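*Asks:* Residue-level listing of the chains:
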Amino acid sequence: MERVVLVDNLMLGPFTKFNIEVPLNSFTIITGSNKSGKSLLLKVIAGVVNTKRVTYNREIIKDDKDIAFFADFVFNFNSVLKTIRYPLECLGMDDEKIKKIVKDIAKDLDITKLLDSKIKDLNDFERLKVALASLLVSGPKLLILDDPCLYLSFYEKEEFMGILEQVRSSGTTIIMSCSSLEEVAYTINSTLYVLDKGNIVSSGDSLKVLSDDSLLNKVGLELPFMVDLSVKLEYYNLAEKINMSPLGLVDSLWK
Amino acid sequence: MEIKFSHVNSKIFNDLSFVIPKGEIVGIYGDNGDKLLRLISLDDEARGIIYFNKIRKLRRNYYLFRNDIVLVERTFVNLFNVDNIYEYFINYIRYKKIEVRDVNEKIKGALKIVGLRLDILERRISTLTFSEVKLLQLALAFLSNPKVILLDEPFRGLDLNIRKKLIRIINRLQEKFLKTIVIYSSNPNYLYQYTKYLIVLYDNKMLVEGNTSDVFFDSKELDLYKIRRPDIVSFILLVKDKKNVKLPRRVDVKDLIKDIYWNVK
Numbered sequence: 003m004e005r006v007v008l009v010d011n012l013m014l015g016p017f018t019k020f021n022i023e024v025p026l027n028s029f030t031i032i033t034g035s036n037k038s039g040k041s042l043l044l045k046v047i048a049g050v051v052n053t054k055r056v057t058y059n060r061e062i063i064k065d066d067k068d069i070a071f072f073a074d075f076v077f078n079f080n081s082v083l084k085t086i087r088y089p090l091e092c093l094g095m096d097d098e099k100i101k102k103i104v105k106d107i108a109k110d111l112d113i114t115k116l117l118d119s120k121i122k123d124l125n126d127f128e129r130l131k132v133a134l135a136s137l138l139v140s141g142p143k144l145l146i147l148d149d150p151c152l153y154l155s156f157y158e159k160e161e162f163m164g165i166l167e168q169v170r171s172s173g174t175t176i177i178m179s180c181s182s183l184e185e186v187a188y189t190i191n192s193t194l195y196v197l198d199k200g201n202i203v204s205s206g207d208s209l210k211v212l213s214d215d216s217l218l219n220k221v222g223l224e225l226p227f228m229v230d231l232s233v234k235l236e237y238y239n240l241a242e243k244i245n246m247s248p249l250g251l252v253d254s255l256w257k
Numbered sequence: 159m160e161i162k163f164s165h166v167n168s169k170i171f172n173d174l175s176f177v178i179p180k181g182e183i184v185g186i187y188g189d190n191g192d193k194l195l196r197l198i199s200l201d202d203e204a205r206g207i208i209y210f211n212k213i214r215k216l217r218r219n220y221y222l223f224r225n226d227i228v229l230v231e232r233t234f235v236n237l238f239n240v241d242n243i244y245e246y247f248i249n250y251i252r253y254k255k256i257e258v259r260d261v262n263e264k265i266k267g268a269l270k271i272v273g274l275r276l277d278i279l280e281r282r283i284s285t286l287t288f289s290e291v292k293l294l295q296l297a298l299a300f301l302s303n304p305k306v307i308l309l310d311e312p313f314r315g316l317d318l319n320i321r322k323k324l325i326r327i328i329n330r331l332q333e334k335f336l337k338t339i340v341i342y343s344s345n346p347n348y349l350y351q352y353t354k355y356l357i358v359l360y361d362n363k364m365l366v367e368g369n370t371s372d373v374f375f376d377s378k379e380l381d382l383y384k385i386r387r388p389d390i391v392s393f394i395l396l397v398k399d400k401k402n403v404k405l406p407r408r409v410d411v412k413d414l415i416k417d418i419y420w421n422v423k
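Here the protein sequences come in this chain order: A and V.
The first sequence begins at 3 in this note's numbering and counts up one residue at a time.
The second sequence begins at 159 in this note's numbering and counts up one residue at a time.
Among these hints, one or two may not hold up.
[Unchecked claim] If we take Cβ atoms under 7 Å as the criterion, some of the chain A residues that face chain V in the derived model are:
(1) S35
(2) N36
(3) L152
(4) S181
(5) G222
(6) D230
(7) L231
(8) K234
(9) Y238
(10) A241
(11) N245
(12) V252
[To be verified] Calculated Cβ distances over 12 Å to all of chain V for the following chain A residues:
(13) S41
(14) N59
(15) D74
(16) F79
(17) N80
(18) D110
(19) K120
(20) D207
(21) D214
(22) N239
It should be emphasised that the hints constitute simulated quantities derived from the structure, not laboratory data.
Just so we're clear, the structure is a prediction, and the values are computed from it rather than from any experiment.
Don't be surprised by glycine CBs; every beta carbon is placed ideally from N, CA and C.
Produce the entire structure from the sequences given, and follow the hints as far as they go.
*Replies:* Spelled out as structure tokens, the structure:
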């Protein structure tokens, strides 16, 4: 598979001889305990920390504008509309075109009603969506998000993962870190990397990685309840696979 | 310290009445719970009757409770634009007007409670990891020896091991020093696991209060307003509802598995 980014032989902070490769149009999730190095790794991939160990596929990522990086809520303007418009204004686009792009993206992210609001009046989820919109307007090829779900509730996490899935289907490669595993359970076809002190201790298809509960607990991660329950029931031969639906699991247990 | 709110109104809340029992770990759940913490900490203005340890709070006796209540914010805000941690402690003590005989001993004591090493004092705040910042926030909170500690989303972003450490600290404070601890979290799983008493807010009013386990298991209001229960509670109630099987109340998944095993077998 064609790759977008390659980190080769990274020697920085907790990382020694660290390699990771991100395929085109994939959804890569990096998780790990506090101090595992996940934020640093994302900074390295985004080019915020210059290590000269990162190689981009220059056919896809032609320059820095093709990479969008979210680490925290930093808004330069108080107006939602201005926040989203500004990256396009910087590119020197004409007003009509900007209006159309902003309208489309606001519709996709369900923030049309918020365009006339002030950032300070928004809740965390709305702020996140505005931040995401301001990153997506310029059409990045690689979207890097450092723990975006930190401030979200369960329902919001599910909705946000749906939005990211949409973004991915429009041809953007996504790399995301997370400190809890709840959001991972809402993704489809994603690759999960578990970091511990700068080493990858487990990687592969998300659901497969989640099924190793003892390893995840050991590195300090807590499984989402339904995954934890299914995995432990498997040990007792009471379940065959991870079942995310509580009702489905109850029906299969008490036939 | 016992805190009693009686018909309190503010910009956000209407007619709030509840009691936070003395020396308990109390949870706050629901919309704008963080704003309620601000109200309790006397940061936001409130109209109504508030008692701290049966003494009514008035405008003129505000100073009596000022240093008894401390709020640990969900994110660290550098108040003094100082990056060196020792200097930050000194600034904080001056700012909060905390009376101390030996500053260094006081700082040492606060760091010891949260399990941070002394060499952290020579480091800069910008080099700390997420979990170290959280522990630093707690250490700062302990400087004024408060009777009530309000924690706004304390577990957010912390991994399992750090969370266990934080809970050990909280439990010790409550058991050994009889501190009242109030935790706001949007995650019902944490509140169910770690708190004894719960206040649920809905639509800027108090919806229900009581023993945490009883509220989550028995409160009909939660169903009525579609308020999310802890996952394990929802599962136990679902089994009862669909299969008419009554499983015991559990906090740990491992215990639940054993119950299911014996029941299904």
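*Asks:* Against this structure, judge whether each hint is valid.
*Replies:* A quick look at each hint next to the structure:
| no. | hint | in the structure |
| --- | --- | --- |
| 1 | S35 | 4 Å, holds |
| 2 | N36 | 4 Å, holds |
| 3 | L152 | 5 Å, holds |
| 4 | S181 | 5 Å, holds |
| 5 | G222 | 4 Å, holds |
| 6 | D230 | 5 Å, holds |
| 7 | L231 | 6 Å, holds |
| 8 | K234 | 5 Å, holds |
| 9 | Y238 | 5 Å, holds |
| 10 | A241 | 10 Å, violated |
| 11 | N245 | 12 Å, violated |
| 12 | V252 | 6 Å, holds |
| 13 | S41 | 8 Å, violated |
| 14 | N59 | 32 Å, holds |
| 15 | D74 | 9 Å, violated |
| 16 | F79 | 21 Å, holds |
| 17 | N80 | 19 Å, holds |
| 18 | D110 | 26 Å, holds |
| 19 | K120 | 17 Å, holds |
| 20 | D207 | 22 Å, holds |
| 21 | D214 | 15 Å, holds |
| 22 | N239 | 10 Å, violated |
In the structure shown, a violation is registered for the earlier hints numbered 10, 11, 13, 15 and 22, in ascending order.
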